[in-house]
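Engineer: In the numbering used here, each number is its position in the sequence shown, counted from 1, plus 69.
Mixed in with the good hints there might be a few duds.
Unchecked claim - Pairwise CB distance ranges, derived in the manner of DEER restraints: (1) 309 x 396: 31 to 39 Å; (2) 148 x 202: 25 to 33 Å; (3) 212 x 321: 37 to 45 Å; (4) 106 x 235: 29 to 37 Å.
Stated by the list, open to error - Pairs of lysine-lysine, DSS-like flavour, derived with a Cα cap of 30 Å: (5) 344 x 421; (6) 421 x 288; (7) 407 x 112; (8) 250 x 112.
Please keep in mind that the hints were generated in silico from the structure rather than gathered at the bench.
Glycine is no exception: its CB is placed at the ideal position from the N, C-alpha and C atoms.
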Amino acid sequence: MNQCRVAWLLPVAWFYWQPALSEFTQLFPQTTVFTGLFPGFAKGLEGSLQVEVVGRFRVIELTQDESSYGDNFTYLSPGIVGHLLRLRPQVIFSSSFGVWTIIALLLKPLLGWRVVIAYEGSSPGVDYRHSALRLLVRRFMVWLADACISNSRAGGAYLMEILRARADRVFVQPYEIPDEKTLPGDSQPTQLAFPSVQRPIFLFVGHLIPRKGLPLLLKACAVLQERGYENYTLVVVGDGSQREELEAFCQAHNLSDRVHWAGRVNYDQIGSYFKNADVFVFPTQEDTWGVVTLEAMLLGKPILCSQGAGTSELIVNGENGYVFAPDAAAELANLMQKFLDFPDEIAKMGDKSKQIMAQYTPMAAAKCLAEVTELVMAASHKAKLQTRS
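Starting from the given sequences, assemble the full structure and let the hints guide the process.
Structural biologist: Structural data, given as structure tokens:
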């Protein structure tokens, strides 16, 4: 075991962070996760992490735009300074370019810790490619940091090509990775809610807001309706501001018998919906990553994924699903029709999804994070030796 003290600074310690960090803690037992909001442990991971909630987490919207991430400011408590001074970590992993990352970088020359910036992934709503001031600040932060990590190749490219990070300091490895034991569920909840639905079942899971792209999926269903395809069901898991509008769309296009609204479902029951579905659809307009896609793949489902999702990089067209443009309802309808015309492909593609996910495990992520930790520590040791000489 490595006795290096490691701190993770996460605005929200969502469930999808926990599997990889639980494995990382096995390698680095003196790891503490500091967060502004902790929703609790995912089932099966109770007590596997040392988590400390610091202050209050608030998102302040500067401009509201539900079709994108929008322009906002995430307030995180400056009280993090006291926690870090008490822990005196040797390595800090900090999420994105927020307040806590700035604090960690400013204190780095005084306290000698190493800082790794974790950038979830690239998308128009978070990259700020047209903001000269934001890019200037981010480039300076990347220059101060010892390394950067990202889930996606697109995120890595943004760090290197736009923020000018050194290629030998950027590491691309999916680290927001689900673990099947956190998705137990069972078949009963879905069977009770939908006792006699028509298969195949297409599944959507997400907030019912414009950015998540459910209107596109429903338009694709309307296209299928026009073509005479009614032999399927779309199950929608989630709630949000668009629900009433989208239910009205279904009524207007004679889709009410095809679409079933499950509403909001607790995370520990999401697995039952994945397991009972046949095909997972992720029509998002933009998502820096999109762990929900990986959850479906882990449970052996073929995927229809928008190009707007970072996880679209893990879809191999024609093998474990298909990738489509986030504004192309007819294209999505064509892909859904493939599964209706050739239902035998569902199981084959689902098996391929599981094969792909076999290489993206929490342990694989933890090992990569451990390598990054050891690399920045080695660089720190080398720098100290050079200073003394």
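Engineer: Against this structure, judge whether each hint is valid.
Structural biologist: Checked hints:
Taken as a hint, the range 31 to 39 Å is violated for the pair residue 309 and residue 396, whose Cβ atoms sit roughly 20 Å apart. Range check, residue 148 to residue 202: about 27 Å between beta-carbon atoms, so the 25 to 33 Å window is met. Our hint of 37 to 45 Å for residue 212 and residue 321 is violated, since their Cβ atoms are close to 54 Å apart. Between residue 106 and residue 235 the beta carbon distance is about 33 Å. The supplied range of 29 to 37 Å therefore holds.
In summary, the hint linking residue 344 to residue 421 is supported, as the alpha carbons are separated by about 16 Å, within the 30 Å threshold. For the given pair, residue 421 sits about 28 Å from residue 288 by alpha-carbon distance, which is consistent with the 30 Å threshold. A threshold of 30 Å between alpha carbons decides the hint, and for residue 407 with residue 112 the separation of about 36 Å lies outside it, so the pair is violated. For the hint linking residue 250 to residue 112, the alpha-carbon distance of about 7 Å falls within 30 Å, and the restraint holds.
The structure does not agree with the numbered hints 1, 3, 7 stated previously, though it agrees with the rest.
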